[in-house]
Amino acid sequence: LSDADIEKMVKDAEANADTDKKRRALVEARNQAEALVHSSEKSLKEYGDKVSEADRTAISDAIAALKAAAEG
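FYI, in our numbering the residues of the sequence shown are 1 to 72.
Simulated from the structure, these hints should not be mistaken for laboratory data. Given the structure is predicted, the values throughout are model-derived calculations rather than measurements. Mixed in with the good hints there might be a few duds.
[What the hints assert, rightly or not] Straight-line alpha carbon distances no greater than 30 angstroms define the calculated DSBU-like cross-link-like pairs of lysine-lysine that follow:
1. K11 - K21
2. K67 - K45
3. K8 - K22
4. K8 - K42
5. K22 - K50
6. K22 - K11
7. K21 - K50
8. K21 - K8
9. K42 - K11
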């Protein structure tokens, strides 16, 4: 590779760094959301009988909203 090619590649990488950081943050947020959904569903199944129907509904609605937000 020539010096010009290398310099162009470095400039392209720098130009895309912000986009890459945003994409990485989005992926990490989705992973956290999916983990929270999984643990919340597991807890609701395990302990759902210990809370009121209204609370179970509210929790289920919150889980559904988080799933929808994580899916984009």
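Comparing the hints with the structure gives:
1. Between K11 and K21, the direct Cα distance comes to roughly 16 angstroms. Compliance with the 30 angstroms bound is thereby established for this hinted pair.
2. Taken as a hint, the K67 and K45 pair is honoured in the structure, with Cα atoms around 17 angstroms apart against an allowance of 30 angstroms.
3. Restraint check for K8 and K22: satisfied, since their Cα atoms lie roughly 22 angstroms apart, inside the 30 angstroms limit.
4. Only pairs whose Cα atoms come within 30 angstroms are accepted, and K8 paired with K42 is rejected, the gap being roughly 50 angstroms.
5. Only pairs whose Cα atoms come within 30 angstroms are accepted, and K22 paired with K50 is rejected, the gap being roughly 40 angstroms.
6. Simply put, K22 and K11 have alpha-carbon atoms about 18 angstroms apart, close enough for the 30 angstroms limit, and the pair holds.
7. Taking the CA atoms of K21 and K50, the gap is near 42 angstroms; set against the 30 angstroms cutoff, the hint is violated.
8. With a C-alpha separation of about 20 angstroms, the suggested pairing of K21 with K8 holds against the 30 angstroms cut-off.
9. Taken as a hint, the K42 and K11 pair is broken in the structure, with Cα atoms around 47 angstroms apart against an allowance of 30 angstroms.
In the structure shown, a violation is registered for the earlier hints numbered 4, 5, 7 and 9, in ascending order.
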